[in-house]
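Asks: The task is to assemble the complex, starting from two chains supplied on their own in separate frames and drawing on the hints.
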Amino acid sequence: MSDVNKDAPVLELRGVTKTYSVKQGLFGAPKPLTAVNDVTLTLGRGEVLGLVGESGCGKSTLAKILLGLEAPTQGEVLVDGERIDATDRRRLARRIQPIFQDPYSSLNPRKSIEDIVSLPLLVHNVGDAASRTKAVREILDIVGLPARVMQTYPSQMSGGQRQRVAIARALIMKPEIVICDEPTSALDVSVQSQILNLLGDLRSEFGLTYLFISHDLAVIEHLATRVAVMYLGRIVEEADVAGLFDQSRHPYTQALLKSVLTPDPGMGVPDTELGMEYPNPIAPPPGCHFHPRCPAAMDRCKIIAPLPIPTPDGHVECHLFDGDGPEPVRSIS
Amino acid sequence: MADMATDPLLADITGPTPGQMLRKRIFGHQGLLIGAVVLGVLVLVAIFAPWLAPHDPYAQSLMARMQPPVFLGGSWEHPLGTDHLGRDYLSRLIYGARVSLLIGTVAALISGVIGTAMGVAAGYFGGRVDAVVTFLINVRLAMPVVLVALAVVAIMGGSLQVVIVVLGLLLWDRFAVVMRSSTLQVRGREYVAAARAVGCSTPRILMSEIMPNIVNNLIVVVTLEMAHAILLEAALSFLGLGVQPPTPSWGLMVSEGKNMMLFEPWMVMIPGVVLFVLVLAINLMGDGLRDVTAPENRS
Ligand SMILES: Nc1ncnc2c1ncn2[C@@H]1O[C@H](COP(=O)(O)OP(=O)(O)O)[C@@H](O)[C@H]1O
Ligand SMILES: [Mg+2]
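Chains as they are written, first to last, in the UniProt record's numbering: chain E, 1 to 333; chain Z, 1 to 299.
The shape of chain Z in the complex, shown without the other chains (with noise of 0.2 Å):
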């Protein structure tokens, strides 16, 4: 980036944009294409769920109970067999998909929204607010929240919704955690100083000055805490205390094969293998969104 010795105003602006840049770094980024990829599948087989799903996925049949998958013999009536109660497998895991996906997507919305919030109030303010802020998040921080969780589900019955709201109002410490200290360095440049200086006033600068440079930061968290949120829930459903049946939920699936795990493994080989296909391609996105929006930290 040196200036051109001779006349620096002939020498031309031919650099790519910092949008352009940033398309070919995704594109040159094999992890996070293939993370999108199979999240992009996910996401629209979840979306398209009535229409792909074979079967009701409730819909309950004692003559077919428990049949196996096409692989270990099956048949083609159900590709990956029927559960104990003779429900299609594989609807109800198409269905299944919606769950994980809709406790992910909105747990993380709510958690980022007061994470973030708290984050750059306390980074951007300093002083008390950050020294209140930063006092909340060690006190989330000591509580369990897998015990907690647990705890309120039992006392307000467990539900989608309980189960959502429940982990929107747990998971929000990273996000304040990241945001502050993002919001702290970026809070320091001149930029900031000069939006001041021109006459700009504190929400315009949260928002057009502060907020674009530290959201990359924010994208790689939000991945974060959806595959965090996705795997409580599923914890949650497992011990019985989340999402309840008969919904269709991964977690609820794993639990209720788990009493056959030694005669059909299957039964909670294949929600399982999901699952860790479905957070692995999130963290695979996150991980890819960190590496390709942090053009300073690269370069």
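Okay, chain E solo, but in the shape it has when bound (with noise of 0.2 Å):
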């Protein structure tokens, strides 16, 4: 079990839906999309939560929740117990930082480092011009860069080397949460543990509560103490890390975890061989999402959609755990 402090999460999200509205054609009337479907979730102080799931099935657009940067439909999202719709942007700022996938697109190639990573201590008028270039150069090293990078401009950097300055830029002003959405999958191979080492050190380093996304449980097993596994905006398990690669319950978990078996060393979406594509999020399929793709779907799955199941560590939506979990409350969706 993971060192929870069950009692004062310091996020914490209710019921977090977002729908897009996404037109079709030029004439297509607009049809709604739920990127994020009824997302509950919680995080203790210094948990690393890992969010895994295919490609497209709404990690970012919980991420950018997260941060503010967009609007749920529905749900709250709390921070140390603060709505953050009702939070001030820039306290929201000092709290909760992101670190984003690419670090081709996160940096912007007009400004130098120095300039970049001094941005957020600017924006919060921290210190003066003397007192900035000293934190910078500060969190470089911790990060792992030496100080004459400052001068220099994104596009004379690696790819590691940008997502260390990108990790400077989230950390500078000692945030408690880091939101990392996929922060290693545009790195080459080699790169990614350097990265992957650096974020567990800093948090322990720093005390910091991890958000981290990803499509690859390898990297989620490696980091995190909890875990969450998505599925077309629905957390369909959540388990302790420990557990879930133990004896995961979801079938679309085992599928997930049977795939980092057979490691596939591109960048796209895990292998999961569940034969059929993931289906269309403007049109999911009936009863239980998963049912097409699913080994075990029963006759229920295609009607009903599972609700919820408590477990010992988590919970898990998939009505072969029916049996031993408490009576439906929600009906068809």
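Calculated from the structure, these hints are not laboratory results.
Chain E regions said to be covered by chain Z (calculated; three or more residues, Cβ under 8 Å):
no., segment
1, 61-72
2, 88-99
3, 107-114
4, 118-128
Quick caveat, the model's predicted, so the values are computed rather than measured. Each residue gets a CB set at the ideal place from its N, CA and C atoms; glycine is no exception.
Replies: Structure (structure tokens):
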């Protein structure tokens, strides 16, 4: 079990839903696309929640909602018990910071590394120019970059170096929570583990809480204390990392785990051996969204959406566990 | 841009800065250099007109009307001859550079401010703002510039100020279109999301994250619209609805010379050629700048 302090969650999501309205074609009527569907999650201080799922399942959308970059259609997000839509943007920015996937896109090419890393200090009026420079030098040292990079530009750096700059920018204001949205999947394999180790070290050094998004369970296993598995906007299973890897419950989780055993050196979607391709999120399958790809699908899976069934260390949404779970309260979705 | 397999942190960061690369590309681009040199010379001529012009551009001399330039057998007293009122053609040409460049610069500035504000707002905010701006652009594109300018000048009376303001208020469409699409492109980059997540205000994001990354496109449009405004001024003046006599404007000089075109073709050709050279130089520069400042599209 992880060192969760259930009494004082740093980050709490309650029934968060995000629906986009997407227009298909020139004259098509806008259709709703539910990118995040009724997500309830809790992160204790110092926890690392791994969020795993195929590309397009809504991981980045969830990250944007947590960062206050997108407003949820329904539900609420609380940071330290405070609703983020009622929190001043700058206050929120001091507590929660992102590290994005693509370090080639996350650094402004027209700015020097010093300007990029010191931007948070500037925006929050911290110190004078000299003390900001000093702080930049310190944080660069912590993420393993020499001070001489301060006057260089992103285009002069490698992907791994750029990602270190992005980490420095995220950490310079000493946030409590860091949202890592696939921070290594755009990097060379040789650099990925360096960045992962760095993130692990920084977590203990600064007492950070991570939401660590990845489509790769191997990465999650390396770093996370808890895991949430996402499918078509829903968290279909949540468990402690040890529990999940020892005895996963949901057939989707099992398929993902299988794909870890046959590692795919590419950066794409894991090969889940599920045969069918990922469903269209505009027209999700009825009943359990996963049933068309599920090897254990039963008749009721096609009609009735499963409910979250509590487990000793989390929950699972699957009719296979209906028997030992409580009676359904939610009907067909 | 591959990571060093060994220790990427020890890999030296020795590549050129974006500024150095830009300088290198500028000095490696012939069209840009030629355009810049020609334009630079013309700007200097305009600035130092009082010292360069051999005569007063307004001084008439009925004794010395329509003298040919030296290369057609004229005298060095009037190297490019005199016009139908005996005014020194070279001096009028030199002062005419002031009119063309002033109109080009100020009109491009006015339309640039209007169009950039509209385009960036539309691209960044999207939604209703975008719908309104797109509508305004379409309205503007449906208006024929020359006819509208003619009508306004006909009502307001022609003068340098009126021409500048009318052109400035008419030529913002390309700025708006280009800035809108550039902003749309840059808005989705993750550094903009990172800036928002850091707590940057919208004005700061627009000024320090968006603008520096679209300013190269802006410069290209500035050159295009400068050339556009200069040509439109010449056309309006030629039609008698632009800058009014006796102001030395190249378009007006062509207009005044057109009656003599069969007998004294140089009176039309000299201002025509200078106009052509100026516009060509500006366009060469614009093309060059576009090539040089878009490293993402080239390398
Ligand atoms: N701004 C948007 N407008 C419409 N649809 C969107 C938008 N952002 C994301 N989506 C859709 O939401 C779904 C989830 O996307 P995303 O959160 O980026 O997935 P992930 O990060 O897991 O790959 C996708 O189907 C995507 O097409
Ligand atoms: Mg994503």
